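Undergrad: The listed protein sequences derive, respectively, from chains A and B. The first sequence begins at 1 in this note's numbering and counts up by one. The second sequence begins at 254 in this note's numbering and counts up by one.
Keep in mind that the hints were calculated from the coordinates and are not lab data. Note that the structure is a prediction, hence the values are computed from the model and not measured. Heads up, the beta-carbon is just placed ideally off N, CA and C, and yes, glycines get one too. Be aware that a few hints might be false.
Here are the computed lysine-lysine pairs in the BS3-like style, where the Cα-Cα straight-line distance is at most 30 Å [what the hints assert, rightly or not]:
#, chain 1, residue 1, chain 2, residue 2
1, B, K333, B, K297
2, B, K412, A, K79
3, A, K114, B, K412
4, A, K222, B, K358
5, B, K351, A, K57
6, B, K358, A, K241
7, B, K407, A, K121
8, A, K241, B, K348
9, B, K358, A, K250
10, B, K310, B, K290
11, A, K57, B, K407
12, A, K73, B, K596
13, B, K596, A, K79
14, A, K222, B, K596
15, B, K351, A, K241
16, B, K351, A, K222
Not close to chain A: a few residues of chain B, all C-beta gaps over 12 Å, as computed [claimed, not checked]:
#, residue
17, L262
18, A314
19, L352
20, I375
21, A385
22, M439
23, I478
24, G481
25, S607
26, Y615
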Amino acid sequence: MTRADTHLTVNNLEMRYGYSVIQKDINFFVKRGEIFVVMGGSGCGKSTLLRHLIGLKKPSSGEILYGNDNFWKVNPLEKEAIIRNFGVLYQSGALWSSMTLAENVAFPLEQYTKLETNEIKDIVSFKLSLVGLSGFEEFYPSEISGGMQKRAGLARAIALDPDILFFDEPSAGLDPVSAKRLDDLILELRDSLGATVIIVTHELASIFDIGDNSVFLDAESKTMIAMGNPRTLLKESRDPKVSNFLSRGKSGK
Amino acid sequence: MGINGQNRLTLLNPSSDNLVLKFAGDWKLKGHLPSIKDVEGRIKVDSNIKRLGFDTKEIGAWDSALLIFLTKLNKLCLEKNIKVELYGLPIGVVKLLKLATAVPKRKDDSHGESRKQFITDIGLWIIEYFNATLQTINFIGEVFLAFVNLILGKARFRKTDFITVIQECGVQALPIVTLISLLMGMILAFVGSIQLKMFGAEIFVANLVGLGMAREMGAMMTAIIMAGRTGAAFSAQLGSMHVNDEIDALRTMGISPMEALVLPRMLALTLMMPLLCIYANFIGIIGGAIVAITSLDISLIQYFEQSRNNLGLIDFIAGLIKSVVFGVIVATSGCLRGMQCGKSSTDVGNTTTSAVVTGIVYIVVSDAILTMIYSIIGF
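With the rest of the complex left out, here is chain B (with noise of 0.2 Å):
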């Protein structure tokens, strides 16, 4: 037995065509795998080799080590036409090469192609793109199918799955709502006061944080809120619940996962969108009051009185219709991207995280439409 840590190899040549490598120390895990390159050499130069064969009774301690070292020379030596004698080796090392090569290696290339041709790809990726809106609208049909169902009293949810979900989105997002509107508010009231303080115009601080709030910030806040809160829940949710079987199960039992699942939330969030909405209008003005008394010498009551002469019931409605809007889209995003969500674990993560992405982009993208109509049609 080789005492010796280091592993050694030699090359023996008892006769002409016949090669005998001649183990001795540790082949073992450490470091780096030993390199066939110095067999290889020796085959190339000498090409009256034609047998290999192994003197290992100075071997130490041996491992995978020592079994890639021999998976490497094997497939050398069929390339080379040379014969390898296992006789030589450990009797441990010829079972574990003879399991390892006992299965032939998948010869089926179909999967993993590692080499695509760029046209390929770019051919891939518009049928991807062109099945993903497919389904998209397929999604948005039978969400309106689900609807046609809830007015005609035929669609099957829970009522208590409805209220839950509810609950989920309205009062418990008062809290962040409140927070992120009030500072809303007071941005909006110190970026506009720099400017109009030159103006010796402070009092409009108050029609500048109404009608930003009113037409656009309060729906916007809480709507992006909600992607990042409820959608992503939405999502979250309905995604597990694929990859616990737990979809597959409703629909065996002629439960349709549109009407027991997206229905129930796509309602919740449509309904409360709007009322969070009002709230963080409100909630946003006096943040703009707090900025306005504390650094501004306003008065409370002058505050409140030039909101109210400058705020009109159209720019609340302005901002209410498009919070009605954000909300179909933060619901449609979470429930669409959690009823495609795929089977493992890591789909559900990417899941949520397209549900986000998806919401916040769709919700500019329609507020910059709506802003638009808006201005064209003077409202």
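Bound-form chain A, shown alone (with noise of 0.2 Å):
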């Protein structure tokens, strides 16, 4: 199943939290610079999946590849790179909270990087005018809006270039203007660097907008359910579920 442009597959995966089996027979592949979507109801276990995939929890069983590398087999200092090609978004931004803005999109590059402290200040204030936070250098992160520390968050996401980006509901707590313009950040950044972005999102609006394909996850059989192009499947889904989930319950099925 591996190809050459596939960036991560999924094989088979199992998750567990303790002894409750939280999703099973996962199985999907994501392509080199395609915007993938995974979507569900609440409490189907799509943060769950995304805490796989940035590696915090190891699977239950199967195996999660990234080009051909599985993640818990390979030794640390492939891990280590592994992980350095990883842009995450969390839902909260999880910015650190005792650092400003700029030493938090700073920190990655210091720790990877032999950047002179100049140069990394360059590329923190470019980073930060990318988001539309030019300016907020100095800010810490209490002092400024849900929507900016996520915007910030996205910044410091982005501080290395990484090939794979990963959002956790990016849309959730935000106005639909902002929401709109972090989805069109989202597809520029895709265009400009060419990375692969996985979003976990239940937002229909973005999910139309910017999905290229998709994965639904079924709460109630505990597995994915249907896969694809999110307005393939509006169109051409049979599952009752899936369709009135991207109908907005209006499928009438």
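With the hints in hand, could you dock these two chains into one complex?
TA: If you want it as structure tokens, here you go:
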């Protein structure tokens, strides 16, 4: 199943918390440069799947491959190389609260590159300006709004120009205009950086706007019940759960 | 419409198999919920009843009180196989009742088992305790690896973080350490002087305070202050970082939270603790001197001469070794509990409490062990 242009492959993944199975028999692959959406109702295990994809939780069985490397089988150095190419935007932004925005964005650069302090400063200003936050370098996360924290989180996620970006509910808690702006930003980042993007969301507007491919997780059967382009799924899916979700319950099935 | 505020219920029996409940007055959540005892009694006595109807022409205002009454009634009728005819009820009531029964009750009873067996409880407790022990050992192992990385020069943390922590647990702790150790020295002097006066050996107050502070109280009191001050702060900081996904953010950036967060804190506290301890020793001796001069007619020179002759370097070293051990304990318990913190704000509170309690317990335990070792090897 692994092909040259496949960036991430999930094979027979099963996820558990303690003894309770969250999801099982998850199989999908994400192509390089694709915007891939993980969707499903509340509590179906979307965020848990994301925690597995970014290596925070070990699968109870099955495997997750980045290119051809299994995260849980490679040696620590290779593991670090895989992680170094991740950019993750958490639901709350997860900015380090004891650091200013500039320090937040600079931290990964300081750790992984040999750049001079003033070079780092330039990069930080540039990344912050990309997300519309130039001039906020010296602000602490607690001094800015939730939407701004999220954008600052994005600036930090793209600090090292990652190959693969993960977003956990990017538009949750944002007003429609900011949510749209964030979607546009994600599209632009994908187009200009060529990064693969994986988004966990249940925001229909974003799903249809930016999703190239998707997987639908179902809480009841504890597995994925659909896969494909969300717009095609809306038109063609025969599964009442999927079409109900994608049409906000208006499909009448 | 019923004007009368009091709710009233009349049971009518138009035919032998039909029971009609006639509602009147206001059915609102004031005082107590209406009881279905009357209807229940009637149904039990009269087994002919097969249908239940409602008459609400005279009902006044109603709210959830009426709905809860009807839900209970509905359940009762289901058990007794009696048909409930809803059409006599106000349309709003019918709609809300339908809404309440639309989603069936959760059947999976794996959550919140209220009745556990005693044996199961013990079993679960043992498993929990075992896991906690494993976690602690795991944590100590990880800290050790982080230290190895530090020595190899591979550990990743921000120097500014380290300096901030040093400042927090060093300089900023001075005022409270000063106050407590000054008072500690004075208390030791007072307690000792009462006994020593009986022998006319007041001058030995200097020995008592000096030895007491240097070997025991200096290290102990700073450790307890730092457990309450810095240990709690460490666990609260790390705990709230956990709640806010900040620790996950470090991990997915390939930065070990052990190196970036735990290492600077452990290092800073372990370095600062002996310094604070020396400081506390001297302040304590000054406290003793104040008491000796003011209430025992001993001159300052006499007091310090006596202290100098009877306090050896070894006494201070004994205290310093203790303070290093206490520093490690306070930092470990603070960071360990912080890293174990759950994802809710209640967890942060519990974590902090637990960090302080663990810290103080292990300080006292290790102090006892060290004192025993000292006395065995004659240190």
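Undergrad: Each hint: holds or not?
TA: Going through the hints against the structure:
| no. | hint | result |
| --- | --- | --- |
| 1 | B/K333 <-> B/K297 | holds (9 Å) |
| 2 | B/K412 <-> A/K79 | holds (25 Å) |
| 3 | A/K114 <-> B/K412 | holds (16 Å) |
| 4 | A/K222 <-> B/K358 | holds (20 Å) |
| 5 | B/K351 <-> A/K57 | violated (42 Å) |
| 6 | B/K358 <-> A/K241 | holds (21 Å) |
| 7 | B/K407 <-> A/K121 | holds (24 Å) |
| 8 | A/K241 <-> B/K348 | holds (25 Å) |
| 9 | B/K358 <-> A/K250 | holds (25 Å) |
| 10 | B/K310 <-> B/K290 | holds (23 Å) |
| 11 | A/K57 <-> B/K407 | holds (25 Å) |
| 12 | A/K73 <-> B/K596 | holds (28 Å) |
| 13 | B/K596 <-> A/K79 | holds (26 Å) |
| 14 | A/K222 <-> B/K596 | holds (24 Å) |
| 15 | B/K351 <-> A/K241 | holds (23 Å) |
| 16 | B/K351 <-> A/K222 | holds (29 Å) |
| 17 | L262 | holds (40 Å) |
| 18 | A314 | holds (34 Å) |
| 19 | L352 | holds (16 Å) |
| 20 | I375 | holds (19 Å) |
| 21 | A385 | holds (15 Å) |
| 22 | M439 | holds (38 Å) |
| 23 | I478 | holds (23 Å) |
| 24 | G481 | holds (21 Å) |
| 25 | S607 | holds (22 Å) |
| 26 | Y615 | holds (27 Å) |
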